[in-house]
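> What follows is the residue order along each chain.
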Amino acid sequence: MRGTWANWLGAGYAAVIYGFIFLPVAVLVLFSFQDGRFPIPPFNGPSLKWYQAVLADSSLTDALVNSLLVALISSAAACLLGFLSAYGLARYKLPAAGFQRALIIAPFTVSYLIIGLGLLIMFNTFGVSRSLFTVGVGHVVINTPLCFAIIYSQFGDHQVNIERAARDLGASDLQIMTLVTAPMLLPAITAGFFLSFTFSWDEFIIAFLLSRFDVTLPVEIWSLLRSGLNPKTNAVGSIVFLFSVFILVVLELTVFRKHKAQ
Amino acid sequence: MTTPASMNKRERRKAFAFVLPAILWTVAFFVVPFGFMAAMSLWKRIGSKIIQTWSLDNYAGFFAKSHFVEGLANSIEITLIVTALSIVLAYPLAWIIAMQIPERWQRAALLLAILPFWTSYVVRSYAWMLVLARNGLVNQGLLYIGIIDDPLELGSTRTATVIGFVHFFVMLLTLTIYANLRQLSPNYARAAADLGAGPIRTFIHIILPLTIPGIMVGAFLTFALCIGDYITPQILGGNNELVLPQIIMLQIGRRADLPAASALAIILMLVVSLVYVLCARWLKLERA
Chain L
1304 MRGTWANWLG AGYAAVIYGF IFLPVAVLVL FSFQDGRFPI PPFNGPSLKW YQAVLADSSL
1364 TDALVNSLLV ALISSAAACL LGFLSAYGLA RYKLPAAGFQ RALIIAPFTV SYLIIGLGLL
1424 IMFNTFGVSR SLFTVGVGHV VINTPLCFAI IYSQFGDHQV NIERAARDLG ASDLQIMTLV
1484 TAPMLLPAIT AGFFLSFTFS WDEFIIAFLL SRFDVTLPVE IWSLLRSGLN PKTNAVGSIV
1544 FLFSVFILVV LELTVFRKHK AQ
Chain P
7 MTTPASMNKR ERRKAFAFVL PAILWTVAFF VVPFGFMAAM SLWKRIGSKI IQTWSLDNYA
67 GFFAKSHFVE GLANSIEITL IVTALSIVLA YPLAWIIAMQ IPERWQRAAL LLAILPFWTS
127 YVVRSYAWML VLARNGLVNQ GLLYIGIIDD PLELGSTRTA TVIGFVHFFV MLLTLTIYAN
187 LRQLSPNYAR AAADLGAGPI RTFIHIILPL TIPGIMVGAF LTFALCIGDY ITPQILGGNN
247 ELVLPQIIML QIGRRADLPA ASALAIILML VVSLVYVLCA RWLKLERA
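Residue numbers (the numbering used here), protein chains in the order written: chain L, 1304 to 1565; chain P, 7 to 294.
One should not assume that every hint holds.
[What the hints assert, rightly or not] Simulated coverage check for chain P against chain L, where a stretch passes if three residues somewhere in it have a Cβ under 8 Å from a Cβ of chain L:
{"id": "1", "segment": "31-37"}
{"id": "2", "segment": "124-136"}
{"id": "3", "segment": "172-184"}
{"id": "4", "segment": "243-251"}
{"id": "5", "segment": "254-265"}
Simulated from the structure, these hints should not be mistaken for laboratory data.
Note that the coordinates shown come from a computational prediction; the quantities given were computed from them, not determined experimentally.
We treat Cβ as the ideally placed atom computed from N, Cα and C, and that holds for glycine.
One chain only, chain P, in its complex shape:
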């Protein structure tokens, strides 16, 4: 940006030498492996051998096998529920931290809200297992108060998966929505108040629309991370209702079917890319 455009060849070579290691690393260990995976998705496993046949059978096989399609449907359903719930729960908290807590305590309040983020990912799901188990805290508490007579089956259910996910994404979204709210000039709210709008009308007609782009970015992040996650559904959801990453891991592990796993991974990636394109397009329309 500050160097003259007429950079000589030697200079340019030197500059490129700085960037080259990162480029080479990314190509060797990200682009090329992806190519291998894409090729693998077109091959076939017969017995314990992998035959290099080049066909779309693995992709056709996906739609032919109902438990694969169900896995994708489960993934999408759970992810949509989690994204919606997390936004609805996180927004008010971010609002309270940004608007009601005194300025100098805000950073502390925010750090506190994301502290459990730093528990190990595996351990966090395990901790929810402790809370939701048949003889865990929630069941024993409810039995003690007398609301229920028999323990609820909370562990190894979709509910447990959703709770585990929502816990994680409420923290993440509180952070992003807070940042969004802080960027808004207080003058908008002031102007609305001067024109006679009450706090609720100001929120619905001024603040909420202004934060929607930020919410969409957070929602996409939630969607992408949630739909690609294996740990939370595996630990909390059990084996009753598999999601796509669990099915991929089954192909890699128990079935040693890398071609099928690759095809499923690419389908997963296409779904995320599709949602990304939709979000980006919507945001562009919103801005225009």
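Same shape as in the complex, but just chain L:
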């Protein structure tokens, strides 16, 4: 029958593409357990010694902590800026609202290399030295549009009545925003935060251009690449991958599931 023939063809095609998609990750993780100096076949192992090597390498663990800090703080700031501006633009009729929206979204449309280069030139001109702080500033620039767009899209008329009820019951503007509006938009705010977090956590070019002595993890991994193929790079790459997947699974099981149930 034609249907089954097409199904087999589809299954075969899907298997090949899934194989292609997973090939590098599988090789990366497998050879992080290599018991030898090179992450290439034949596989000897398993061994955890490269994970020990990663944990013993203070430049890598420092970079990991730096990355976490930059990601946490810059995502929180991007979320705050995104939420406030989305609130202002969704709840009030402002002059030139379209222009304001376009301005906030604009950094999203420009390549990171250009944003990083612009900031580098400006910081150089003003004599601001490169540090984790300047990296964080750059990450807020790239993530604010994302948070704004996600949160803004979730503002709707159905929340207005609840806010009005709160106002009638004597709540102040600040109380309405923090105790009524923000909790109602929590799924969107959380999604914005975690997406920003993974973007910042993984961002290379801005961090590379704007950091100097203290660097983030992608920049440290980059300098590790100069030593060529090395199971230690596999180990740290696998750790980063598992961490991101963990965040994704938590997000999927909590925020998005609840959101769907609503």
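Given the structure of chain L, go ahead and fit chain P onto it with the hints provided.
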């Protein structure tokens, strides 16, 4: 949207106070830096000093230096190859997930298809290096089976860059094309079938044209992200055949020539904007 149009001054000021932080941030750390970069592209580096001369020499210099123009040509070629290949590979997968996999497994299938997205960007290119290296998995596998006698030079080539890019964008495009296919009402296909069209004719004359706008959006996203990327060509392509972002990074790093780097960055941005305008215009014509 729900407030009366006759908002008084105090209200308006309050509303603007919410938007202001984001606006100020964007102006201070995006618009102003861009202005600095644009000004810098008109200045000149002489020795280790930057002279504020206001001329278009850096832009003229771009077309005068053949390796700059070649870099742009390489960028455009690689990006077009990657965009076309990624669409051709991703479309059938998105189709299979949307049409052949039972509804309740679709989300899982989709999440699985984009899981390697979450490996670090730098690490993902490194992982392809492992696969494609001279003594890597592919070469050892082919040698073992006996298809080749000497290892292929796959690493540090344009092929490696294209493979690394296609890997990333197949995931991205599967996601966007899937979303596109799901939005189509199944009634279109049903109507075509009722009128006697076979599945292939239905696809070519009904489904494909209806998903073209979505494909174009995905294609533009691929183009913009691919042409601006430094990591993948730097790790996988090596230094034989540079693309524009690699040349920009060389100006920033080794040559400390920020004026030239700025001019090149603005040329890169103009190329992306041009493609955006073409895509937008084409989409508008398509709709009309």
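> If you test the structure against every hint from before, which numbers come out violated?
Violated hint (a single one): 4; every other hint is consistent with the structure.
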